[in-house]
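Going down the list, the sequences are from chains Z and Y.
Just so we're aligned: the first sequence equals residues 21 to 258 in the working numbering.
Just so we're aligned: the second sequence equals residues 1040 to 1394 in the working numbering.
Hints are supplied without guarantee of correctness; some may be wrong.
To be verified - Derived lysine-lysine pairs resembling DSS-like cross-links, with alpha carbons at most 30 Å apart:
no. : chain 1 : residue 1 : chain 2 : residue 2
1   : Z       : Lys37     : Z       : Lys234
2   : Z       : Lys226    : Y       : Lys1105
3   : Z       : Lys234    : Y       : Lys1105
What the hints assert, rightly or not - Listed next, with one range per pair, are the computed distances between beta-carbon atoms:
no. : chain 1 : residue 1 : chain 2 : residue 2 : range
4   : Y       : Gln1375   : Z       : Ser201    : 53 to 63 Å
5   : Y       : Ser1239   : Z       : Lys226    : 56 to 66 Å
6   : Y       : Gly1057   : Z       : Pro126    : 52 to 62 Å
7   : Y       : Gln1375   : Z       : Val147    : 52 to 62 Å
8   : Z       : Trp36     : Y       : Gly1380   : 46 to 56 Å
9   : Z       : Lys226    : Y       : Asp1229   : 44 to 54 Å
10  : Z       : Val147    : Y       : Leu1362   : 44 to 54 Å
11  : Z       : Val147    : Y       : Met1155   : 52 to 62 Å
12  : Z       : Lys234    : Y       : Lys1105   : 16 to 26 Å
13  : Y       : Met1099   : Z       : Ile223    : 20 to 30 Å
What the hints assert, rightly or not - Among chain Y residues calculated to face chain Z with C-beta under 8 Å, some are:
no. : residue
14  : Tyr1111
15  : Ile1172
16  : Ser1173
17  : Met1178
The set of hints was computed from the structure by calculation and includes no laboratory data.
Just so we're clear, the structure is a prediction, and the values are computed from it rather than from any experiment.
Think of the CB as a built atom: it goes at the ideal place given N, C-alpha and C, for glycine as much as any other residue.
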Amino acid sequence: MASSASYADLTSNGLWKNNAALVQLLGLCPLLAVSGTVVNALGLGLATIFVLVCSNTAVSMIRNVVSDAVRLPAFVMIIASFTTCIKLLMQAYAYELYEILGIFIPLIVTNCAILGRADAFAAKNPVLPSMYDGFIMGLGFALVLVLLGAMRELVGTGALFGDMNLLFGAAAAQWKIEVFSDYPGFIVAIVPPGAFLFTGLLIAMKNIIDARLKEREEARKEKPVAGSKRVRVTGTIK
Amino acid sequence: MALLHVTSPHMSRAGDTGSVMRHVLLALIPGIVVMTALFGWGTIVNIIWACLLALGMEAMVMRLRKRPPMFYLRDCSALVTAVLLAVALPPYAPWWLVVVGIGFSILVAKHLYGGMGYNPFNPAMVGYVVLLISFPVEMTQWAAPAGSIPDQAPTLGPLSALAASFPFLSSTPVDAFTMATPLDVFKQNDSLMVDELFASSPQFGRFGGYGWEWVNIAFLLGGAYLLYKRIFTWHAPISMLAALALMALIFNDSGSSASGGSPAFHLFTGATMLGAFFIVTDPVSSAVSNIGRLYYGAGIGVLIYLIRSFGNYPDAVAFAVLLMNFAAPLIDHYTQPRTYGHKDHKSHNEDRGPK
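Given these sequences and hints, build the entire structure.
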């Protein structure tokens, strides 16, 4: 049982090694659907972090009380309550964004990354590590979401950070950066096929980086001593 | 007398990829000539620009993948993709439209899937569909065919065609005459009988679109040449044309304002013949067996008619081909031919045992 997982391990797992979006490929439905612009992606990313932190904390608190047979329904109930919370909060404070994200806010309930963390980590670990794991996993997911949103917004519309006022108030309306002037717009990047393309590119990039890191790791390792002999062993090795 | 010492197989060589692709390029020439006569030099500019881009990108990918570039460039498959896409694009298309289209065809649809022979979708059609979805305005600006409008200026020559596609090359902006395509007009019409529509709109000729009839006949000739050379079998193209004609016959209703158009109209307008003989016959992305190709072609023919008549896009060859590319593995699964020495493919599979 990984009850004593160190925080450094949790961090590298959530952000890179076991990233919910790029490695586990969980929660692809919102990832593909609302990553058309940075503001949409950031909105849903923040909402997911909130739900993940709260649900991991709550699940970890009740982990010794709920019997194994009914744990999944209980987890789903907890996740659903926090999703309702964030939905009402967004309705109150970011109504326009709430309208744009639409069905994908209630759908946070079905994000397998959240239920997955609840069952795989929070149900077996104390409260504080669970809370931290939820935060880091959510952050890893949100970062990919925002990166994807930025790529698609840039290629699709030629600008970045448009409509940020939906999330940060009227002052953020000027944050929009026109990267290319007179850009004809590239609709494929904004529609769902573009999400698949760019997610594929991101995964490919991660794999390239991983391969490079591994190469460097192996190059650093000491070469085996020349002249070492093969050892013949009889019987089975226990 | 010396005896010939020739061992089996006694079959003539079918030709390598390069010679097949060069035959295809040769067969495209009549269609290109007719298009140039009708629309001016825009088609040629498209083709040359697309070929340069395709060769450049192919060579670049081959360097990245550490393969010998010249070996792969010599098989001409990139050139065929480039020419097919260039012919499908509107003449005088802006230069960046071709860049994006070829980029998607060669880089995404072909090489990201593993290169020549591994692409599940026809690269040229992927490029075309990406462009059609992304840039609907630029993609539907077709030049008016020469002679369709009475007092029309002559079509653009080579230099002005170049300036129309690359506006930064010349100081004075060049504009080509554009008009809606026959399929567009036919689709928009809901008040005129078909005969009246043909008489009143400059877009229509004898039985198909004005000028488009000749484009289609020219591509049909090229296709017949390839068929004669046995570059491909007749199954897929003929089945596609038959299915399209049959669908048109069913929904023709003798030319009322709600008519879907006569079989001749559908066969000789738009990209029908180009699609039938140069796109549907793509050996990589189509079904494999002869019987499978019959189903594959028929599916494309039916889809073309459905999308043309009931869909949002006036011409449908690209969408229909891509949809049937999806279906090709399924068709192959159910039309596996009998293996020599086995009763049918079921017993053949049983011999292999469960896996």
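Evaluated hints:
This hinted pair checks out: Lys37 of chain Z and Lys234 of chain Z have alpha carbons roughly 13 Å apart, not beyond 30 Å. The hinted pair formed by Lys226 of chain Z and Lys1105 of chain Y meets the criterion: a straight-line CA distance of about 21 Å does not exceed 30 Å. Pair hint Lys234 of chain Z plus Lys1105 of chain Y holds up; C-alpha atoms about 21 Å apart against a cutoff of 30 Å. Restraint check, Gln1375 of chain Y to Ser201 of chain Z: a C-beta distance of roughly 56 Å satisfies the suggested window 53 to 63 Å.
Between Ser1239 of chain Y and Lys226 of chain Z the C-beta distance comes to about 60 Å, which sits within the given range of 56 to 66 Å. Range check, Gly1057 of chain Y to Pro126 of chain Z: Cβ separation about 57 Å, and the 52 to 62 Å hint holds. Range check, Gln1375 of chain Y to Val147 of chain Z: Cβ separation about 58 Å, and the 52 to 62 Å hint holds. For the pair Trp36 of chain Z and Gly1380 of chain Y, the supplied restraint of 46 to 56 Å holds, since their beta-carbon distance comes to about 55 Å.
Taken as a hint, the range 44 to 54 Å holds for the pair Lys226 of chain Z and Asp1229 of chain Y, whose Cβ atoms sit roughly 52 Å apart. Evaluation of the 44 to 54 Å hint for Val147 of chain Z and Leu1362 of chain Y yields a pass: the beta carbon distance comes to about 52 Å. For Val147 of chain Z paired with Met1155 of chain Y, a C-beta distance near 57 Å keeps the hint of 52 to 62 Å intact. The hint said 16 to 26 Å for the Cβ distance between Lys234 of chain Z and Lys1105 of chain Y, and at roughly 19 Å that hint holds.
A hinted range of 20 to 30 Å for the beta carbons of Met1099 of chain Y and Ile223 of chain Z is consistent with their spacing of about 22 Å. Taken as an interface hint, Tyr1111 of chain Y does not check out: its beta carbon lies about 22 Å from the nearest beta carbon of chain Z, beyond 8 Å. Of the supplied interface hints, the one on Ile1172 of chain Y holds, with its beta-carbon coming within about 6 Å of a beta-carbon of chain Z, less than 8 Å. For Ser1173 of chain Y, the shortest C-beta to C-beta distance to chain Z is roughly 4 Å, which falls under 8 Å, so the interface hint holds.
Interface restraint check: Met1178 of chain Y against chain Z, minimum CB-CB distance 11 Å, threshold 8 Å, status violated.
Hints 14, 17, counting from the list given before, are not met by this structure.
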